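Fit chain B to the known structure of chain A by using the hints.
2 protein chains.
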Amino acid sequence: MFEQLGLIGCGLMGGSFALALKRAKLVKRVVGYSKSPSTTERARQLGVIDVAAPSALLAVSGADIVLLAVPVAASEATFKAIRHGISTDTLVMDVGSTKGDVIEAARNGLQKQFANFVPAHPIAGKEVSGIEHAEASLFTGRQVVLTPVKTTLRSNVQRASQAWSGIGANVVTMTHEAHDAAFAAVSHLPHLLAFAYLNALTDQPQGDRFLSLAGPGFRDFSRIAASDPVMWRDVLLANREQVLQQSQAFRKALEDLETLMTAGDLQGLEQSIAAASKARAAWKPNSSADALAQQDS
Amino acid sequence: MFEQLGLIGCGLMGGSFALALKRAKLVKRVVGYSKSPSTTERARQLGVIDVAAPSALLAVSGADIVLLAVPVAASEATFKAIRHGISTDTLVMDVGSTKGDVIEAARNGLQKQFANFVPAHPIAGKEVSGIEHAEASLFTGRQVVLTPVKTTLRSNVQRASQAWSGIGANVVTMTHEAHDAAFAAVSHLPHLLAFAYLNALTDQPQGDRFLSLAGPGFRDFSRIAASDPVMWRDVLLANREQVLQQSQAFRKALEDLETLMTAGDLQGLEQSIAAASKARAAWKPNSSADALAQQDS
Chain A
1 MFEQLGLIGC GLMGGSFALA LKRAKLVKRV VGYSKSPSTT ERARQLGVID
51 VAAPSALLAV SGADIVLLAV PVAASEATFK AIRHGISTDT LVMDVGSTKG
101 DVIEAARNGL QKQFANFVPA HPIAGKEVSG IEHAEASLFT GRQVVLTPVK
151 TTLRSNVQRA SQAWSGIGAN VVTMTHEAHD AAFAAVSHLP HLLAFAYLNA
201 LTDQPQGDRF LSLAGPGFRD FSRIAASDPV MWRDVLLANR EQVLQQSQAF
251 RKALEDLETL MTAGDLQGLE QSIAAASKAR AAWKPNSSAD ALAQQDS
Chain B
1001 MFEQLGLIGC GLMGGSFALA LKRAKLVKRV VGYSKSPSTT ERARQLGVID
1051 VAAPSALLAV SGADIVLLAV PVAASEATFK AIRHGISTDT LVMDVGSTKG
1101 DVIEAARNGL QKQFANFVPA HPIAGKEVSG IEHAEASLFT GRQVVLTPVK
1151 TTLRSNVQRA SQAWSGIGAN VVTMTHEAHD AAFAAVSHLP HLLAFAYLNA
1201 LTDQPQGDRF LSLAGPGFRD FSRIAASDPV MWRDVLLANR EQVLQQSQAF
1251 RKALEDLETL MTAGDLQGLE QSIAAASKAR AAWKPNSSAD ALAQQDS
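Here the protein sequences come in this chain order: A and B.
Here the first sequence stands for residues 1 to 297, where the numbers follow our numbering.
Here the second sequence stands for residues 1001 to 1297, where the numbers follow our numbering.
Chain A on its own, in the form it takes in the complex (with noise of 0.2 Å):
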């Protein structure tokens, strides 16, 4: 389907995506770049990529499809420095968490190619980071959120939904809009509060003597906070207003249940709480009907 691969930023997600194409026999050759010369190399050793390109420039010449899996911070940077390698048939990716701020950069940074531009986020990680996590399956089974503008070419939307179906991902597009703002209320502000979590209990005298007796239930709830703070930060920042508008709807609900705790009203509290256990017994991954009616096709 792709005769090559451009991929700058050899680690979890780039590495990842690179390996699920080849297993797929969706691609023929990959070529890499990271900032980190070694890094670079390394993953040329592990087999993620067949090639260590010197530059990001000279890693997307020639290539059919590029991904960009950069910190968000470093996209715009990045779309400059890739520019002149993007023919009008190249198709260009991302794999960001915010969409609205990746497509400023990239509209900025690709100037002439940004049609090329399909936004993706991909619903799948780790809290581990680096080329030697990659796996062929991170994706395989997940949502992939792709925000492609008015302007982006539509054949290239096509083929982005084809690649990622390819290696076993479910396809959903919305507008960047509404990604960023589904994605406040079920990522960055879990992040949020588990950030805000750890730090309360962390600031305690007695915090290490509590954090001693936790069991399973603070294992799962409080696993994001371990998260990368460079990443995060720059997640949060670059979505701060949905952000912090989803933080005041949590701020609400939490005053709610605390008023009904102090006044010990056992039928509302209970109320209150079999609300939020129902709705969460209910949830299963990627299986809402809701998605799937927006699914691309």
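In short, the hints are calculated from the structure, not lab data.
Worth double-checking, as some hints may not be accurate.
The following residues of chain A were derived to be distant from chain B, with all beta-carbon distances above 12 Å [unchecked claim]:
no., residue
1, 44
2, 89
3, 104
4, 153
Straight-line alpha carbon distances no greater than 27 Å define the calculated DSS-like cross-link-like pairs of lysine-lysine that follow [said to hold, decoys possible]:
no., chain 1, residue 1, chain 2, residue 2
5, A, 126, B, 1278
6, B, 1284, A, 126
7, B, 1126, B, 1025
8, B, 1126, A, 284
9, B, 1278, A, 35
10, B, 1126, A, 278
11, B, 1035, B, 1022
Nothing here was measured: the structure is a model prediction, and the numbers come from that model.
Beta carbons: idealized from backbone N, C-alpha and C, even for Gly.
Okay, now just chain B, sitting in the frame of chain A:
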């Protein structure tokens, strides 16, 4: 080690304790009672209990070890119901998530037999409940907190410790005040936050749409929101002061992060997230030297 276990409440926790004691050959016979006769009968059919008793009092008659595994709110009535079946040598324990209120219930309910009661909180569980999910290994490698008071028989504390150690749990002893403060921080508050988060999400017109896009981060963070509403209503009310205090500390930490976001303070935000991330990455279940130092031996 024990002749007969009197089990009051044949659910996930009680059933798992009975199975574990049997597997470790620490008990010869289990007599069980549940409020619902069909549950008691089911426990007998599954081999979790050997004899189904028609009342709580009859379940404990002749037992040298008694486990109350009933909703915390039902503790006092249950203690009252079994009081006359408790002999001087009987070890009585519970499995409640809060300890101050259960101790009060035992004091009122058991009266002269109060010294026989060793308050216990095994840090284990599942989001599913019921005897069908009971398993002998539920407590293996988990912590169990014992919170005896001054008048508690030392011999019973030792027997309690041996019973839990014998089924593979790590026993920690502390005051009930220390227990309730710690679990407000590492268990009760996370549940409250998860409930509030789900409610805030589903109260939004787009909530269902958002939920359909949620991934693995959401899954783990919100897992405890699916917990039992009646049980958690009781836990949150029983430990109200401590939980509200923890919630206040959490709000402050959330405000601090929001302030950094609003100010666009890259360095401050990264530092704050890094502190949380580092603390969470360093956490290991049951590994703290501090907790080990307090381990009952």
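Taking the hints in turn, this is what the structure says about them:
At the 12 Å boundary, the C-beta of residue 44 of chain A stays outside the reach of chain B, the nearest C-beta of that chain being 29 Å off. Residue 89 of chain A, annotated as away from the interface, keeps every beta carbon of chain B farther than 12 Å; the closest lies near 31 Å. At roughly 16 Å from the closest C-beta of chain B, the C-beta of residue 104 of chain A stays outside 12 Å, upholding its exclusion from the interface. Remark: the non-interface label on residue 153 of chain A is consistent with the geometry, its nearest Cβ contact in chain B lying 25 Å away (cut-off 12 Å).
Straight-line distance between C-alpha atoms of residue 126 of chain A and residue 1278 of chain B comes to about 16 Å, which keeps the hinted pair within the 27 Å bound. Our distance criterion of 27 Å between C-alpha atoms is met by residue 1284 of chain B and residue 126 of chain A, whose separation comes to about 18 Å. As the CA atoms of residue 1126 of chain B and residue 1025 of chain B are separated by approximately 25 Å, the hinted pair is consistent with the 27 Å bound. Note on residue 1126 of chain B and residue 284 of chain A: the hinted pairing holds, with a Cα-Cα distance of about 18 Å set against a maximum of 27 Å.
For the proposed pair residue 1278 of chain B and residue 35 of chain A, the alpha carbon gap of about 25 Å is at most 27 Å, so the pair holds. With a CA separation close to 16 Å, the supplied pair residue 1126 of chain B and residue 278 of chain A stays within the 27 Å bound. Restraint check for residue 1035 of chain B and residue 1022 of chain B: satisfied, since their Cα atoms lie roughly 23 Å apart, inside the 27 Å limit.
In terms of the numbered hints stated before, the structure departs from none.
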